[in-house]
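Q: Could you put together the complete structure from these sequences and hints?
In the order they appear, the protein sequences are chains A and B. The numbering used here numbers the first residue of the first sequence as 549 and each following residue consecutively. The numbering used here numbers the first residue of the second sequence as 31 and each following residue consecutively.
Since the hints were derived computationally from the structure, they do not count as laboratory data. Relax, there's no trap hidden among the hints.
DEER-style ranges, computed between Cβ atoms:
#1 GLU80(B) - LEU1068(A): 22 to 32 Å
#2 ALA33(B) - LEU773(A): 14 to 24 Å
#3 VAL842(A) - ALA33(B): 28 to 38 Å
#4 ALA33(B) - THR634(A): 22 to 32 Å
Simulated coverage check for chain A against chain B, where a stretch passes if three residues somewhere in it have a Cβ under 8 Å from a Cβ of chain B:
#5 625-632
#6 640-647
#7 756-770
#8 819-831
#9 834-845
Glycine is no exception: its CB is placed at the ideal position from the N, C-alpha and C atoms.
Residues per chain are reported as follows:
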Amino acid sequence: MEYFEPMRLLPWILVSLAGAAGWGMLALHRGETISAAWLVVAAVGTYLVAYRFYARFLARRVFGLDDRRATPAERLNNGRDFVPTTRWVLFGHHFAAIAGAGPLVGPVLAAQFGYLPGTLWIVFGVVLGGAVQDFIILFGSMRRDGKSLGQMAKEEIGPFTGLLAMIAILAIMIILLAVLALVVVNALRDSPWGVFTIACTIPIALLMGFWMKVWRPGRTVEASLGGVALLLLALVAGRHVAESPTLAPIFTLSGPAIAGWMIAYGFVASVLPVWMLLCPRDYLSTFMKIGTIVLLAVGILLVLPPLKLPPLTPFIDGTGPVFAGKLFPFAFITIACGAISGFHALVASGTTPKMVRREGDARLIGYGGMLMESFVAVMAMCAAAVLDPGVYFAINAPLAALGGSLESAAEVIRGWGFTVTPEQMRALAASMGEESLLARTGGAPSLAVGMAQIFAGAFGQGLTALWYHFAIMFEALFILTTVDTGTRVGRFMLQEIAGHVWAPMGRTSWYPSIVIASALVVGGWGYFLVQGVLDPLGGINSLWPLFGISNQLLAAVALCVGTTLLVKSGKARYAWVTLLPLAWLLTVTLAAGWQKVFADDPRLGFLAHAAATAQRVASGAIDPAVGRRLIFNDRLDAVVALAFMAVTVLVVVASVREWVMVLRGRKPVATAEAPFVETAYAG
Amino acid sequence: MRARLRAVLASTAALLRRIAGMPDYAAYREHWLRHHPDRPIPSERAFYDEYLRARYGDGPTRCC
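A: Rendered as structure tokens:
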């Protein structure tokens, strides 16, 4: 029995008040710059209250987490993948696995609406949606001996849904890899410093791979420390490469050339043994990621920079240059990771559930881990908002909108109501060690400029260019890690699906099957990548919304599985915890998908853009061959968006059918949970 | 003093490995001795190979 103790509530009242004060400052200070501190206070205050009250409600009432129940890690302990792990260590592992480039890039792009809409969605979306999704999938998988999302969909909803989920995951992976690769291409084109540093990661990873596998087996930490040291050396050396008249041209690559190299790299990484390239890169990027995120948090707290971006821009009406579409629904699909990300359901039903030591720990790991990712997204929003709005749009708007020169760009941006001078952009590029920062779309360069300004403010002004390239290197490093692990995972999934058609293709270690499946996966994302690079609007314009829609729709699938788990375990009265975010996600993604396909505005709708291009071909304004390619891609994008929507609607329908059958008593209230076994741990 | 430093370093390394998702060989040895005392312990090399196969064998291990 818990008694009402006012003194125990006091700290929570203070935390709530602090959070409310943060939101109040953000809401009331229109027209003058305020400190990023208020953003951080509002976000952290909300997280703490949500974790203390809502996550506890979920853990105790809804899921009934029971510390007396032995977890799979305890029951199936094999010392390898099933290992009981201390909760803070597992929190670190889970966070490192879910956090990537997504929460960094999305908020930067969504900053075209101003910092407020994105921040509200990041913070309240995670508390009521994203963290709930990660938590319930982790809980469901933990109660089922670590089963994957696909397996749970198959067992709890039906085999057809399981297959649909699998195809959806593969398709999403292809779009995800293409768009992330495009972010890297845009960050590295015509940047010898960046290209050199990233190129160095390949020999460094190979060296680490041989170290860990051949010379000193399993000595991951010493290899990683050496790897990080070499990487920082490569970063410093990059400046000299960029300044050298003989070396700089070798490493100055155009967009299509970088795309070609990335496609070749993805194929090789998928075919080579994992220990050589993939595993060492994975370590390198894990440690770099945790280190840099901690550094960024320290930097923001030390500097507490003023937010120069307005809370709301005029572009909420859908006329923005970074991506087309109004605030609703596009703010909610542009920021996918950070608020809610379907991809996390794959991680939360992967390695993590096999390592949870006590059931109660799942609250910190599942819900808390996602809050942490949301905080990363808030920091990315801060980094974008410390830029002058004029600079932000000069970096993030496509070249086609800005015109070819700094002078034309300054003129266009003045027309949007913001000021930036050619001298300002020239000085900024020079201080970052780059030729030009104009129209570097994709979010990574503007994030790097923001981060460089924060780091330079916190740790010394002299090293701005180094910090910029550090930030670029760190983003490119873990995007490339996603590209190689993702290609490999896609290859396995394709092999499994193809194995149903022709059995030998299903043998994952049969060499011809490996090569064919890898080539198909690389060809898939490579096609979208190349089209994105050649796209006159910069590609991010059409690919990022497609990625956002697909990721959010995967989240909808995960929430359907979560709701089914609740309904089938007799907790239907609590099903609103997943139904609420599910309803919201379906609303925004289906609305966004529909608009992307059918909107009349050629900037927004794929089909309208195809029609407008056809007209320009007919009037002789563009080359017919280019026109045909653009029209084909618009139609392809439309088909992909419609296919995502169709798969999701099918999964939702199948799930609702299952819920109704259970609630009407035509199916038993029973799930495939592993039976209760009492824990042997004391206390 | 040196022994203590060594122990701290070893436990820090194990912690970092765990965060990166790699199981700890020392813990595995202990597990093996407790549960299969009659069978020979796999070498660290075999343990590492098996981990790589399990870790990157199937399913996504990280997010965007």
